[in-house]
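Student: Residues per chain, in single letters:
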Amino acid sequence: GENVEQHPSTLSVQEGDSAVIKCTYSDSASNYFPWYKQELGKGPQLIIDIRSNVGEKKDQRIAVTLNKTAKHFSLHITETQPEDSAVYFCAASTVGNQFYFGTGTSLTVIP
Amino acid sequence: NAGVMQNPRHLVRRRGQEARLRCSPMKGHSHVYWYRQLPEEGLKFMVYLQKENIIDESGMPKERFSAEFPKEGPSILRIQQVVRGDSAAYFCASSPVGDGYTFGSGTRLTVV
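Protein chains in written order, with our numbering: chain A, 1 to 111; chain B, 112 to 223.
Okay, chain B solo, but in the shape it has when bound (with noise of 0.2 angstroms):
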């Protein structure tokens, strides 16, 4: 079992492209996560995602971010227009139904 995977580990974007960030879910493990974190701070919660559905995006910004966890493939979020206040950690975890979450190594967004 590889665990949850996350790529890229490393993302540098300029101001104003999009960032597209991937995350493939533990085998078995059906409810997807995305959290954000900022340097010396903890996580926040931003998107839960079952196959197909979103189930909760209240911490998700309004404008410029989606994210999907489409029938085949990973979850992937998605960052259109970048700022550089969207530089930061992005952690994916997944976990099955009812139970404890597995987090991926992170995507590092940096936005020049």
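Just chain A, same shape as in the assembly (with noise of 0.2 angstroms):
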């Protein structure tokens, strides 16, 4: 089946510095790609995804990058506020299948 790995597992920047999640698979099977952001005590929010037929999108602060010779994809979050101190996911699946998740990065911005 799927791996996942994500790093890092814990994230500290200041406010308005930039912060970048990455995540490898193992499958080359897989084909679609979304992050979630979850707050305490909240289910996760999906924030981005991005297809494999397609190397980077971009949404406002948050933009993902897909290597798929590589095996990994990444999360980019620009001009960081604090708000955005969250447990992040990234995932991996085949599409109408299972998503194999990451192990979380908790974000901290400090303000």
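Treat the hints loosely; a few may be bogus.
To be verified - Which chain A residues face chain B? A few, computed with CB under 7 angstroms, are given here:
(1) P8
(2) P44
(3) L46
(4) F101
It is worth saying that the hints were derived from the structure and are not from the lab. Since the model is a prediction, treat every value here as computed from it, not as a measurement. Note that the Cβ used here is the ideal one computed from N, Cα and C, for glycine as well.
Fit the two chains together into the complex; they arrive one by one in their own frames, and the hints show the way.
Tutor: Shown next, in the form of structure tokens:
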């Protein structure tokens, strides 16, 4: 089955700096890569996703890049704000099947 | 659109009792997934259902756990004879065909 690794497990940045979270996957058949943000006591919220026919996708301060050859994908958050503090999960799947999640990155944005 | 609705939000059960967790998917979503999250850990897949069908239950423990998604009504995750190790947050997600999940707010099960 698929194996998703996520790094770092914790990340602290100053407000206004950028944050980068990286994930690798093992199954070359995976073709859908979402990122979720989970705040304390809440369910994960989809923040951005990318499909394998695309190398990069951007939505305001958030961007995701995908390198299919190397089997890794990354989340980039620019101009971080305190409300970006949360746990972020990456995932990999083939469309219509279960998601394989990374173990999460706890991001703290220091005001 | 009310989103994915899970209830109850918190559930306390004594060892040996049964726990029933409910999930109503978003309107128009025909796929339901259940995940378990232990403290400080990621989300582990349990089961994937469509109406009246279990598509993939490879993540479900072989005993005490069952899931259904009837033609009418919510999806139910049922845990019989709960043990302390079942204490976790259980999340349900729904999706239309071929798209990302929307998660509910979860049910936090505590076994005492």
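Student: Hint by hint, say whether it matches the structure.
Tutor: These are the hints, each one checked on the structure:
Residue-level restraint check for P8 (chain A) is violated (minimum Cβ-Cβ distance to chain B is 14 angstroms; threshold 7 angstroms). At about 5 angstroms, the closest approach between the beta carbon of P44 (chain A) and any beta carbon in chain B falls short of 7 angstroms, and the interface hint on this residue holds. The restraint placing L46 (chain A) at the interface with chain B holds, with a minimum CB-CB distance near 5 angstroms, inside the 7 angstroms limit. A cut of 7 angstroms between beta carbons decides the hint on F101 (chain A): the least distance to chain B is about 5 angstroms, and the hint holds.
Of the numbered hints listed earlier, the single one contradicted by the structure is hint 1.
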